[in-house]
Amino acid sequence: MTTSAAETPPTSTLSNLTAGPLRIVVSLVVPVITFFLLRGAFIFMRDVNANKILVGIVALIIGVGGVWALYLVTDNLVSILPDRIRESIRPFVFVGPAIVILLGYLVYPTVRTVYLSFLDARSQNFVGLDNYAFALTSSEMLIALRNNLLWLVFVTSFVVSLGLVISVLVDRIGRWEPVAKSFIFLPMAISAVGASVIWKFVYSFQPIQRPQIGLLNAIYTALGGDPQGWLILKPWNNFFLLAIMIWVLTGFAMVVLSAAIKGVPAELLEASRIDGANEVRIFFGVIIPYIRGTLITITTTVLIMVLKVFDIVFVMTNGQFDTEVIANRMYREMFSFGNYGHASALAVVLLAAVVPVMIYNVRSLETSRR
Amino acid sequence: MSVTYQSAPSASSQRLRRSLASAPVRIVVLVIAFIWTLPSAGLLISSLRPANDITTSGWWTVFSHPFETSIWTVQNYVDVLTAHGLGNAILNSVLVTVPSVVIPITIAAFAAYAFAWLEFPGRRLIFTIVVGLMVVPLQMTLVPLLRIYTQLDLNGTFLGLWLAHTGFGLPLAVFLLFGYISTLPSEIIESAHVDGASPLTTFTRLVLPLSVPVVASFAIFQFLWVWNDLLVALVFLGTQQDVVVLTARVAALVGRRGEQWHVLTAGAFVNMAIPLLIFFSLQRYFVRGLTAGSVKG
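So the sequences go chain by chain: A and B.
Quick note on numbering that gives the first Met the number 0: the first sequence kicks off at 0 and runs consecutively.
Quick note on numbering that gives the first Met the number 0: the second sequence kicks off at 0 and runs consecutively.
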């Protein structure tokens, strides 16, 4: 809010001062000056060698003030127009920048990616559906698709059911509820990279005669097993990777579902108890139907997150030992193999998988809001 | 008063019964919370142990003699912040994150206000398209954007990354801010209009101050998203020493120093420190922001 307070006074003095023809002059000069200032800052920041702290300060001025200046200046420019035109143009001053950025960063690239997915590795010759044949039938991609499916099924079902069970349990422990919730939700604050390091350490492997420093191997050897390299143990390594995402997302599902469960009217629960229903029947017969909308939302949300999983695989195994997933493969096609046709086709496959889930999600969000 | 007096014994006996019934539940929850925290605790403890200890004994062995000062050290943190370049990476992460949060919020707030309160042709259609863009996974945009960036020399610049995060964050930001701004009481907005306030004044003086809660929630969500992001930073900023962000740097350490646990544990914890700080200090906004923003593409 400090921004608005700091930026508004100049405009009001500007408009007070410039009632007459001066106003038109000022309104025309200010945009020109702003344009050159922004352009200068733009060129300065493109220079990677510029002083760090200086770039930082310019960054903040541009990031915070520059965007505001853009709106104030264009709004002022519009103000000098005759009344009727002015009011029909003004809304576009407000939505214009958003539309321009979305066209440049989402609409155009999406169309372009679809087009590139029909061209070869270097985007020069038309190759028809070859890239899609690779994406959907090649042996390497079949492993990636299988893994994505494993992730989808196991992460989603575990996250939603664990989240649900924990949220019901945590509802009954009284004043310790917020504390327990905090600790289970905490992984959500951690980056996937951080989570990956945490779990790489848990899965760490030492030769048989040395003391195990990884938690999992320590427990496993204490129970009499031989230490295992969990991350190279095909095909189980996939489960050790997706366990990380379950760990991250369960708290998220718990918090959302817990809020929904608290919305179940107490009278409804009491009435069922008086009717002699036990807690299990209340859970399945009353609570679950009541929070059905939230359950759908959380399930679809987790599905989308899982479909696009990248960081965990990238950091843990980079897709080796049969742990590849679509998003990581796409990154490797771009940067390791330089095959833009393959990369684009994989992106389209992701889009095709995400869109139906997302539409369903937004629809159910809207109905639940009404 | 007599009512409370009479109902008091039954209420307390009910509470007693409930607390007895919940004792096993409490233990189960405790165990789950313990399991959930254990991996992070292991990382934190290890990051404070001498490099040699980490690789020769499990972190849980510290509990056999936790008060011996020789088993604790902050050397790992000193190392990662200086020798392994994490100090520099923190600065880069801040430079990336602050504008990547402020720019999309500003642009989205102006747009959301126009969509909610200004009349213009095609308003509903444009709004639907903007929100509909949430379905586009950002992977869809990487190849073409990378090409454009190479032509414009934007590759490996902070500016390029800010704009990318702005683009990817906008549909969700507009969606969330519109949901809030459109429900502001119309009398307030109309009376401002009658008083002769221009749309810009109405927006900066009235709408924006009233929208602080939703702005805060989105800001926290976007902050975490950008701070924890790896993919977008890798693609548009790269891993050059002078621009590399914290997540990319730690990811590189994992690749290159697979078994140097003193570096990795401290590095990962440095990466987690600020989000955890926000988590514990602003928990309510934090949870609200994360749950509201979870549909982000």
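Hints are supplied without guarantee of correctness; some may be wrong.
[Unchecked claim] For the chain A half of the interface with chain B, some residues (derived, Cβ under 7 Å), not all of them:
# : residue
1 : A97
2 : I172
3 : V314
Quick caveat, the hints were computed from the structure, so don't treat them as lab data.
Given the structure is predicted, the values throughout are model-derived calculations rather than measurements.
Even for Gly, the Cβ is constructed at its ideal location relative to N, Cα and C.
Verification of the supplied hints:
| no. | hint | result |
| --- | --- | --- |
| 1 | A97 | holds, 4 Å |
| 2 | I172 | holds, 5 Å |
| 3 | V314 | holds, 5 Å |
When each numbered hint is compared with the structure, no violation occurs for any of them.
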